[in-house]
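Enquirer: Take a look at the letters that make up each chain.
There are 2 protein chains.
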Amino acid sequence: MPVYKAPVRDHQFVRSEVFDFSTHYQSLPGFEEVTPDLTDAIIEELANFNEGMIAPLFQTSDKGCHFNNGEVTTPTGYKEAYQAFIDAGWPSIDGPAEYGGQGLPGSLNLLSNEFMASANMAFSMYPILSHGAVKTIFKHGNDDQKNRFLKKMISGEWTGTMCLTEPQCGTDLGLLKTKAIHQPDGTYKVTGTKIFISGGEQDLTENIVHIVLARLPDAPQGSKGISLFVVPKRLVNEDGVAGEPNAVSCGSIEHKMGINGCATCVLNFDGAVAYLVGEPNRGLNYMFTFMNEARLNTAMQGVCHAELSYQNSLAYAQDRLQMRSLSGAKSPDKPADPIIVHPDVRRMLLTQKAVAEGGRILGAYASLQLDISAYSEDELARKAANDALALLTPMAKAFLTELGLVSASLGIQCLGGHGFIKEWGLEQNYRDARISTLYEGTTGIQSLDFLGRKIMGSGGKLLKPFTKEIHKFCEEHIDVQDLNKYAATLNDYNVRWSEITAHVGSLAVQNPDEIGAAGYDYTMFSGYVSLAYMWALAAKAAQKAQSQDNEDKEFYETKLRTAKFYYERMLPQADTHAKLAMSGLDNLLQPDCSPFEL
Amino acid sequence: MPVYKAPVRDHQFVRSEVFDFSTHYQSLPGFEEVTPDLTDAIIEELANFNEGMIAPLFQTSDKGCHFNNGEVTTPTGYKEAYQAFIDAGWPSIDGPAEYGGQGLPGSLNLLSNEFMASANMAFSMYPILSHGAVKTIFKHGNDDQKNRFLKKMISGEWTGTMCLTEPQCGTDLGLLKTKAIHQPDGTYKVTGTKIFISGGEQDLTENIVHIVLARLPDAPQGSKGISLFVVPKRLVNEDGVAGEPNAVSCGSIEHKMGINGCATCVLNFDGAVAYLVGEPNRGLNYMFTFMNEARLNTAMQGVCHAELSYQNSLAYAQDRLQMRSLSGAKSPDKPADPIIVHPDVRRMLLTQKAVAEGGRILGAYASLQLDISAYSEDELARKAANDALALLTPMAKAFLTELGLVSASLGIQCLGGHGFIKEWGLEQNYRDARISTLYEGTTGIQSLDFLGRKIMGSGGKLLKPFTKEIHKFCEEHIDVQDLNKYAATLNDYNVRWSEITAHVGSLAVQNPDEIGAAGYDYTMFSGYVSLAYMWALAAKAAQKAQSQDNEDKEFYETKLRTAKFYYERMLPQADTHAKLAMSGLDNLLQPDCSPFEL
Chain W
0 MPVYKAPVRD
10 HQFVRSEVFD
20 FSTHYQSLPG
30 FEEVTPDLTD
40 AIIEELANFN
50 EGMIAPLFQT
60 SDKGCHFNNG
70 EVTTPTGYKE
80 AYQAFIDAGW
90 PSIDGPAEYG
100 GQGLPGSLNL
110 LSNEFMASAN
120 MAFSMYPILS
130 HGAVKTIFKH
140 GNDDQKNRFL
150 KKMISGEWTG
160 TMCLTEPQCG
170 TDLGLLKTKA
180 IHQPDGTYKV
190 TGTKIFISGG
200 EQDLTENIVH
210 IVLARLPDAP
220 QGSKGISLFV
230 VPKRLVNEDG
240 VAGEPNAVSC
250 GSIEHKMGIN
260 GCATCVLNFD
270 GAVAYLVGEP
280 NRGLNYMFTF
290 MNEARLNTAM
300 QGVCHAELSY
310 QNSLAYAQDR
320 LQMRSLSGAK
330 SPDKPADPII
340 VHPDVRRMLL
350 TQKAVAEGGR
360 ILGAYASLQL
370 DISAYSEDEL
380 ARKAANDALA
390 LLTPMAKAFL
400 TELGLVSASL
410 GIQCLGGHGF
420 IKEWGLEQNY
430 RDARISTLYE
440 GTTGIQSLDF
450 LGRKIMGSGG
460 KLLKPFTKEI
470 HKFCEEHIDV
480 QDLNKYAATL
490 NDYNVRWSEI
500 TAHVGSLAVQ
510 NPDEIGAAGY
520 DYTMFSGYVS
530 LAYMWALAAK
540 AAQKAQSQDN
550 EDKEFYETKL
560 RTAKFYYERM
570 LPQADTHAKL
580 AMSGLDNLLQ
590 PDCSPFEL
Chain B
0 MPVYKAPVRD
10 HQFVRSEVFD
20 FSTHYQSLPG
30 FEEVTPDLTD
40 AIIEELANFN
50 EGMIAPLFQT
60 SDKGCHFNNG
70 EVTTPTGYKE
80 AYQAFIDAGW
90 PSIDGPAEYG
100 GQGLPGSLNL
110 LSNEFMASAN
120 MAFSMYPILS
130 HGAVKTIFKH
140 GNDDQKNRFL
150 KKMISGEWTG
160 TMCLTEPQCG
170 TDLGLLKTKA
180 IHQPDGTYKV
190 TGTKIFISGG
200 EQDLTENIVH
210 IVLARLPDAP
220 QGSKGISLFV
230 VPKRLVNEDG
240 VAGEPNAVSC
250 GSIEHKMGIN
260 GCATCVLNFD
270 GAVAYLVGEP
280 NRGLNYMFTF
290 MNEARLNTAM
300 QGVCHAELSY
310 QNSLAYAQDR
320 LQMRSLSGAK
330 SPDKPADPII
340 VHPDVRRMLL
350 TQKAVAEGGR
360 ILGAYASLQL
370 DISAYSEDEL
380 ARKAANDALA
390 LLTPMAKAFL
400 TELGLVSASL
410 GIQCLGGHGF
420 IKEWGLEQNY
430 RDARISTLYE
440 GTTGIQSLDF
450 LGRKIMGSGG
460 KLLKPFTKEI
470 HKFCEEHIDV
480 QDLNKYAATL
490 NDYNVRWSEI
500 TAHVGSLAVQ
510 NPDEIGAAGY
520 DYTMFSGYVS
530 LAYMWALAAK
540 AAQKAQSQDN
550 EDKEFYETKL
560 RTAKFYYERM
570 LPQADTHAKL
580 AMSGLDNLLQ
590 PDCSPFEL
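Respectively, the protein sequence lines represent chains W and B.
By numbering that gives the first Met the number 0, the letter at position 451 of the first sequence is numbered 450, and the numbering carries on one by one without gaps.
By numbering that gives the first Met the number 0, the letter at position 223 of the second sequence is numbered 222, and the numbering carries on one by one without gaps.
Accuracy of the hints is not assured; some may be wrong.
Just so you know, same-sequence chains aren't split out, so a pair can sit in one copy or run between any two.
Within a straight-line C-alpha distance of at most 20 Å, the following computed SDA-like cross-link-like pairs (lysine to any residue) qualify [stated by the list, open to error]:
id, residue 1, residue 2
1, K178, P334
2, K421, V71
3, K578, D491
4, K176, K333
5, K78, G29
6, K552, D591
7, K552, S593
8, K176, G250
9, K329, D238
10, K578, T488
11, K421, D61
12, K421, D318
13, K421, R281
14, K471, T488
15, K223, P279
16, K421, P166
17, K563, M581
18, K421, S251
19, K333, S593
20, K62, E422
21, K62, P1
22, K578, E567
23, K421, G63
24, K329, S593
25, K421, E165
No wet-lab data here; the hints were simulated from the structure.
Note that the structure is a prediction, hence the values are computed from the model and not measured.
Looking at chain W on its own, in the form it has when it is part of the complex:
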C-alpha cells in the first residue's frame, strides 16, 4: 500500500519564497484578508483531510465501480469520504459567496487539488470536474440557471460533468450529432449518446448536472453550430430542489486501464429537458471555460503522479538493501547497501523529484495568472494574464503529463520486479497516470493548439511576454554568484526558443502540415525551457534562504542539488527536441508517399 504525505513544506516554499502570494492576494479586490496565516492553515487542513480520508482509499479505488441496470456503485468508502469532503466545506473554497461559496481565490483551489489528486486521482475527479461545471454556469449561465443549480453544486451536494465526446467524435467536435429541440416553455429537449463521461453516473450525490454540447436543428455545420446546455439528471425547480428523473440514463461504464474508482459512462439522452446556456451556436466558446480549467487541472495531475511515485520509490530505495556501492560499502554493517547509493537509482529518483517540484512551481505560476484574469480590476493586467494562460495551458498540459508518465514509470523501475506487483501501488499510479496524456485533448492536440493556434496564430505575440520575462530574469542574474550558471544556460535556451519558432514559422508558411510535424517536439522543448525557468526561480529562493542562515538547511540544499540535476541531466533533452522540431515534415510524410500509408 503506497503512502502519501502532502508536501506542505514545499507548497509553502512555492507560495512564500519562490513567489509572493501574500502580496498577490493583497493586490486583488476582496482578498485582503487572505493572509499567509490563513492560507497556511487551509493547506495544513487540506493535507490532514487528504492524508487521513482520501489516500487510504487509493487501492480500494482500483477495484472499480460497478454498473447494474443503469446504476453505478462507487468503490467501498467513497460515499463516506465524499460526505466528509462536503461536511468540511472543501468543495466551496473558491465558490462565489452569493451562492454559498467561501469566496477564496481560485489559485488556492488549483493548488489544493494537487493533494487530493495525488492521494487518490480517481476520487478527485468527481469534485474537480464538478468545479469546472460550476465555473461554466457561473460565467455563461443566466440568473435562473445560477439560482437553480449553483448552490447545491458549490456545496458539493450535487456534482457536475462535461459531456462532449460521442462515438464518432472526440477531438473533432465538429462531427457532433447530439440534437437539441426547442420547446414551447423555453427549455430544450436533448437527444443523443455521449461517451467517456467521467462521473456521468454515481451514487455519491442526489443529483448530477451535465454540461452538454448539442446541435440545434437549424445550426450551421461543423464546430460553429454547437450549443451548450445544462441537463440535470433529476429535474430541478426554480428554488433548486431536485424532483423527477430527467430522460438521461447511463447505458454502461467503461473497463479501463486505470482511474477505476471514477465511473466513465455512456450517457443516453432521450429527449432530456435542457437549458440553453448563453447564445445558440456559441457552445464551443463557452465550453472552453470548462476545457481550459480541466486542462490546467490535468497538467497538475502530472505533478501528482510524479509526487506519489517519488515519495514511494524514495522510501523503497532508502530501505531496500541490494549490492554494494561501486565506490565501496556505504553501510558496511548491513548485508548490502540501500539502493539509493547507486547513481542510476538516484537519477531515477531525482527525475521524479524535479518533475514534481518544478511542475508545482509552474502550476503556481499559472495559478497567479488565473487569479489576475478572474479578479483584477486592471483590464490590461487581466488581458495579459489571459494571454499567459492561453499560452501556458496547452504547453503545461502536454509537457507535465508526459513527464508525469515518465516519472510514474521510473517509480516502478526503482522497485525492480516489485514495481510490477499490485500491492506496492506504483503500477496503479502509472495506470492512473496513463489517461493524463489522452483526455482533455491528447498531447498531439495540445501541441497543435500551442504551436498552431497560440504561437503561429498570434504571430508570436502570445509567446513574447513570457520569453521576455525569462530574458529579464537572465539579465538580472547573469552576474549573481551561483545563479549565473543557471542564468547563462537558461538564456541560451530562451534565445533558441525564438529561433526555433521563427524556423518552424517559415516552414509552415510553405506547408501548414509543418506545424503538425513540429508540434510535439516544439512543445516539449518549450516545456523543458519553462521548467528550467521555474528551477532557476527555485534556486534563487533557496539561495536567498540559505544566505539568511535559515534553520531548514537540508531542505534548501536538496533544492539546489535538484536544480543542478535538472539543468545538467534533464534540460539537455531540449536539445534533441529542438533538432527534431526543426527536422521538417519530409521524414514523416515524403512527397512520394500516400498520406494514408507510411
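Fit chain B to the supplied structure of chain W, relying on the hints for placement.
Expert: Just chain B now, kept in the frame of chain W:
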C-alpha cells in the same frame, strides 16, 4: 480485441535480404539441409499456429491465473493451446536429436519465439523459460540428469523454470539463503523460499523441472558460494517417468500489472530432492547460460510489444476519421480524414515500426552469433561470436525493452481515449510490456553489465570488433548513392561511441561510481547507434531489391522511408544520451551530499 498478423514477409526480408541465413546454415555442421524453402515453410507454419491458436487467447490471458490450495489454474483455453503446441512439435525445434528434438538451429527458435510472444506474451513465457532450462541441463548437467529430464522437457510434456530470486535478494544473488544439504544417496535436499518464479506452478503439464540456485553448508559467502540444482516438482526415475510429489509447493501467486496468464509463484522448498548440476559453488556461472538466453528473449519482447502495438494502432489510424489535414482535406468524400494523415500520428506510428523492424534485424544479428557460438567448428569464430553475444545481450535487453515500452505507450496514444479502454487491447500490451525492463535484470543492471563488466572490464576489447564492423560498412558505402548519407551519419556516431567510451573510462578510473552515473545513457546511446547500423543494412537491402525491379515495390519503399525516419527522428536521441553519459557523477551525488539522501 487486438489483431495479430505474424510479419512473415519481414522475417523473410531479414533472413534472406538483410542477412544471408542460407549461406550461414550451410557453413555450420549438421545444418546443410536447412534450406530457405525449409525455413520459410517453418516460419509460415509458425505464423499460422500463433495467429490461429495463441493470439485469440490474448484477452483471456489478462483474466489471470487462479490459485487455490497450492494449485494454479491457467486461463481458459491455455491447456488446449498448450497441447496443440506440443502436438505440433514446436517445443522441440532446436532440441538435440538424441533427446527427441528436431535438431534445427537455435537462431530459428529465437526468431520464431517472436511470433508467440507477440501473439500472447503471457502464454509464451511457459515454453520460452522451459527452453532455457533445457539448454542449461544440456550444457551443464551430467548424463543421468539429461536422461532423466531432457526428453520430456524437449517434447514439451514437462516445462522448466528458473529459480533465482528470494525475498531479500533479486539483483544481488550473493544474499541468497536457500540451503542444499548433501544426502547419502548422492542427491541433495533443498530448503528455502523462492519468489517471482514464472510458471513455478501450472496445470499445463504433469511435471515441472525447477533450476534452482542454493548454498551448500560449507560454501563461501556471497556469489561465489552458490550452486545449481535440478529440482523436479514430481520425482523422476532414471527412465524419465514422473512419480511421487517432491517437497516443493506453491505458496501463492502474485497479483501483477500484466502478463497475468503467466503464474508468478512463491515456491517453498522444504527438503526437496535435488540434483547438483556440475561442480559445487559454480552455480552462478552455469546459470548465466539460462540468464543470457532469457535476456536475449526479453530483448526480443521489446520487438514484440512494438509490433503488436504498431499493427493495431496503424489499423486504427487508417480507420478513425477525425479532423482535416492542415494542408487540406485528404478524404473530401468523408466527414473527416483518417488520422494517419496527421504528421504527429505518423511520427508515433513510424516510431513503433522502426523499433519493431529495426529490433528484429538486431535480434537476427544476435541469432547468427548464437548459432556460430553453439555449432561452429572454428574455435576462433566461436570465441568471436561469444564475445559479440556478451557485448550485445545486455545492450539489446536494455535498449530494445525500453524502446518496446515507448512503442507500446505510443500505440495507446494513437488511439486517444480509446487507448485507455481495455477492449482495444493496447493498454494490456503496455501492461504486459512493463515487466520487460524489470525482469531478467533491470535496465540499470544491464547497463552496469554492459558498460562496467563488458566494456570497461575488457578494456574496450569486446566493443572494438563491433565498432570496427560498423566502420567497415561506413567506409564501403560512403560513396554509394543514396546510402552515403546513412554511412556518413553512422560513421559520426560510431566515432563518438569510442570517444564517449574513452571519456567515461577516464572518469571511472578516478571513481568507479562514474560507471553507474554513465551506464544508462551510455547504453541507450549504444543502442541507438547499433539500431542505426541495422537500419543502414536494411536500407542497403531494400535499395538492392528496388534496383532489381522487384515486384514488391511498396514494401521496399516503406522500408526506405522508415530508415530515413529512424535517422532523422530517432537517432538524434543519441545526442542527448551522449551528453548525459559524459555529464559525470557530480549531478547525481554531490560531494556534500550523504549517499543515503538526495
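Enquirer: Please name the hints from earlier in the document that this structure breaks, with their numbers sorted from lowest to highest.
Expert: 5, 9 and 13
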